[in-house]
Amino acid sequence: MSASVAIQDRFRRAFVTPEGVDLRLELASGGVRAAAFLIDAFMMIVLLIVVTMVLAYMAVPGVEQVLAVLWLLGFFLLRNGWFSLFEMGSRGATPGKRLMGLRVVARDGARLTGAAVVARNAMREIEIFLPLSFLAARAVEGTADTFLTIFSLLWSGIFLFFPLFNKDRLRIGDLVAGTWVVSLSKITLSPDLVGIGAAHRRTFSDTALSLYGIFELQTLEEVLRLEQPEAIATVARTIRTKAVLPDDGDDYGFLSDYYAALCAKLESGLLVGRRRETKWQA
Amino acid sequence: MNAPVLSRPMVNATRFRAAHSADWARLEQLVTLMEKKSIRRLSDDDLLALPALYRTTLSSLSVARDTSLDRALITYLEQLCTRAYFQIYGVQTPAARQFTRFFAKAWPEAVRSLWRETLICIVLTFGAAIVAYMLVRTDPSWFYSIIPEGLASGRDPSASAEFLRSTIYDKEEDWLLPFATFLFTHNSEVAIFSFALGFAFAVPTVLLILYNGLMMGAFAAVFASKGLGLNLAAWLMIHGTTEIFAICIAGAAGMRIGMAVAFPGRLSRMEAAVIAGRLAATAMIGVILMLAAAGVLEGIGRQTILDDGLRALIGTAMFASWLAYFYVMPTFRRGHVR
Numbered sequence: 001m002s003a004s005v006a007i008q009d010r011f012r013r014a015f016v017t018p019e020g021v022d023l024r025l026e027l028a029s030g031g032v033r034a035a036a037f038l039i040d041a042f043m044m045i046v047l048l049i050v051v052t053m054v055l056a057y058m059a060v061p062g063v064e065q066v067l068a069v070l071w072l073l074g075f076f077l078l079r080n081g082w083f084s085l086f087e088m089g090s091r092g093a094t095p096g097k098r099l100m101g102l103r104v105v106a107r108d109g110a111r112l113t114g115a116a117v118v119a120r121n122a123m124r125e126i127e128i129f130l131p132l133s134f135l136a137a138r139a140v141e142g143t144a145d146t147f148l149t150i151f152s153l154l155w156s157g158i159f160l161f162f163p164l165f166n167k168d169r170l171r172i173g174d175l176v177a178g179t180w181v182v183s184l185s186k187i188t189l190s191p192d193l194v195g196i197g198a199a200h201r202r203t204f205s206d207t208a209l210s211l212y213g214i215f216e217l218q219t220l221e222e223v224l225r226l227e228q229p230e231a232i233a234t235v236a237r238t239i240r241t242k243a244v245l246p247d248d249g250d251d252y253g254f255l256s257d258y259y260a261a262l263c264a265k266l267e268s269g270l271l272v273g274r275r276r277e278t279k280w281q282a
Numbered sequence: 001m002n003a004p005v006l007s008r009p010m011v012n013a014t015r016f017r018a019a020h021s022a023d024w025a026r027l028e029q030l031v032t033l034m035e036k037k038s039i040r041r042l043s044d045d046d047l048l049a050l051p052a053l054y055r056t057t058l059s060s061l062s063v064a065r066d067t068s069l070d071r072a073l074i075t076y077l078e079q080l081c082t083r084a085y086f087q088i089y090g091v092q093t094p095a096a097r098q099f100t101r102f103f104a105k106a107w108p109e110a111v112r113s114l115w116r117e118t119l120i121c122i123v124l125t126f127g128a129a130i131v132a133y134m135l136v137r138t139d140p141s142w143f144y145s146i147i148p149e150g151l152a153s154g155r156d157p158s159a160s161a162e163f164l165r166s167t168i169y170d171k172e173e174d175w176l177l178p179f180a181t182f183l184f185t186h187n188s189e190v191a192i193f194s195f196a197l198g199f200a201f202a203v204p205t206v207l208l209i210l211y212n213g214l215m216m217g218a219f220a221a222v223f224a225s226k227g228l229g230l231n232l233a234a235w236l237m238i239h240g241t242t243e244i245f246a247i248c249i250a251g252a253a254g255m256r257i258g259m260a261v262a263f264p265g266r267l268s269r270m271e272a273a274v275i276a277g278r279l280a281a282t283a284m285i286g287v288i289l290m291l292a293a294a295g296v297l298e299g300i301g302r303q304t305i306l307d308d309g310l311r312a313l314i315g316t317a318m319f320a321s322w323l324a325y326f327y328v329m330p331t332f333r334r335g336h337v338r
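Here the protein sequences come in this chain order: L and S. The first sequence begins at 1 in the numbering used here and counts up one residue at a time. The second sequence begins at 1 in the numbering used here and counts up one residue at a time.
Worth flagging that the hints you see were computed from the coordinates, not collected in a lab. Wrong hints could be hidden among the right ones.
[To be verified] Here are the simulated lysine to aspartate or glutamate pairs, DMTMM-like style, with alpha carbons at most 25 Å apart:
no. : chain 1 : residue 1 : chain 2 : residue 2
1   : L       : Lys-265   : L       : Asp-250
2   : L       : Lys-167   : S       : Asp-66
3   : L       : Lys-186   : S       : Glu-271
4   : L       : Lys-186   : S       : Glu-35
5   : S       : Lys-36    : L       : Glu-26
6   : L       : Lys-167   : L       : Asp-192
7   : L       : Lys-265   : S       : Asp-66
8   : S       : Lys-36    : L       : Asp-40
9   : L       : Lys-265   : L       : Glu-216
10  : L       : Lys-186   : S       : Asp-46
11  : L       : Lys-279   : L       : Asp-247
12  : L       : Lys-265   : L       : Asp-251
13  : L       : Lys-186   : S       : Glu-28
14  : S       : Lys-37    : L       : Asp-40
[What the hints assert, rightly or not] Take a look, some chain S residues computed to stay more than 12 Å from chain L by CB distance:
no. : residue
15  : Leu-47
16  : Arg-101
17  : Tyr-144
18  : Ser-153
19  : Gly-154
20  : Leu-177
21  : Thr-181
22  : His-186
23  : Val-206
[What the hints assert, rightly or not] Some, not all, of what chain L presents toward chain S, calculated at C-beta under 7 Å:
no. : residue
24  : Ala-34
25  : Leu-175
26  : Val-176
27  : Asp-192
28  : Val-194
29  : Glu-216
30  : Gln-218
31  : Glu-221
Glycine included, C-beta positions come from ideal geometry on N, C-alpha and C.
Isolated chain L (complex conformation):
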């Protein structure tokens, strides 16, 4: 991998399938994970409120005790089981994570075990629930002084921002459980830029085609796929100037022909083991 690709791939991690192909998983970003957590927290709170209201509605003399037991167990299950039970399922994700396209994966590439899921979620107790419940209890009593508030926020802050301070974006829970959270994007196959039936294409001299390497080719690919007129005009002008070619008025046509020709040339280089990563490489 060249330096440029390596920078783009800072959050890609090797993940080799049993067939021996490296899938290069993409670690989820901090923001997406925070969003997933907020969605889960919101769902949990809504569920708690709805269930409480339903139970309160059902409360008639004689069944209060059963309802109280149900509520207590339900609350316990919600607080400690929501994350674990969903992540133990075949999707490896809570509803919030699923919505954000995330998945919990064992770092060693093995199957995600129940123990790992429990370990990563039990740690949430000290990451979020402990300082919050401490603060809430004191706030109710009216004894939450500035020091305590700052301490709780600081404590939570350390754990909250922990994923941003290590290269693998691990939460404390991930660290202990040996897991990480990856982002599974869903994209459709974009159309072929070169095509088969191009009846007549511009031809380029060898000198014009030896200006660029793979990195520039793929940047050109991106420009062509985005189809932004200004970007296309700028890139076309730059290439024409460098290759000393006349302007024929059709920027997009020129660029896609140039792309096809350059791609073919660089690919023929690949066949003989010459991989020209950037224009700086001879």
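With chain L's structure known, arrange chain S on it following the hints.
Quick look at chain S alone, frame taken from chain L:
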């Protein structure tokens, strides 16, 4: 060299897409169906085709990476292969098998391998209890600095013997079940805390375990001073053998993580933390189950069984069965081979 450039350059990506895009599209369709619904939605034909399609796409990806420069194509294949991989290999072991494996093997073995830490926690609990007992016996005012007022609910050194006796033997008919449930959830939270706090080099865990012992000792001193020591012991034992043992295992689990982080030995700190974390988590699932059992004994057993001898017997029997389950059964399974 001035050879004419091909007038119709055909790049590998084009050829590649033409040859395989039908397979990719079919795999994508199947994977999407599995992600949205379930694998049961696939027809028999689809199920048979799935592994072949997956392998074709995977090999497409390797070939594309080496021969094609079409980045959109490679990105597409990467995400398709990843999604398919998780649908095919990401399946969990069936719940029933996980369940039996946990009870037959994972739980007792995890607890067994934590024996050293568990022993330390038990020693700490009883050490603290003895210290608190001595302190309160010599100077009852110590009681108030150990037990918060709300928890004592009148069971302090100034209480009369009759009142103390009533707290041990009077039935609380009302709200028996909810009370047992509350105790269970509360104890479980404490256990999970002491596990999670183990990460801070086990220091908070030790403090929590010590405090647990102190409270036990302080109460014992109050009851013993009125000649109710043995009665309290029986009252505590019926559920306490299970509950205190469970809390000690939770503390041990926390300690194991803290120690692994502090002294990883030959492993890297991360590897040591992961091994300890997974083992400790297995023990923790068991701790929650033990606390549920303790909650039933405490909420129902203790309220209905009033005889001291029977209370002590049940407590001892529970403790003996836990010991047999955790420490004796795994040895039999391994045929005495360590």
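Checklist entry - Any of the earlier hints contradicted here, and which numbers? => result As far as the earlier hints go, 2, 3, 6, 16, 20, 21, 22, 24 and 29 are violated by this structure, in ascending order.
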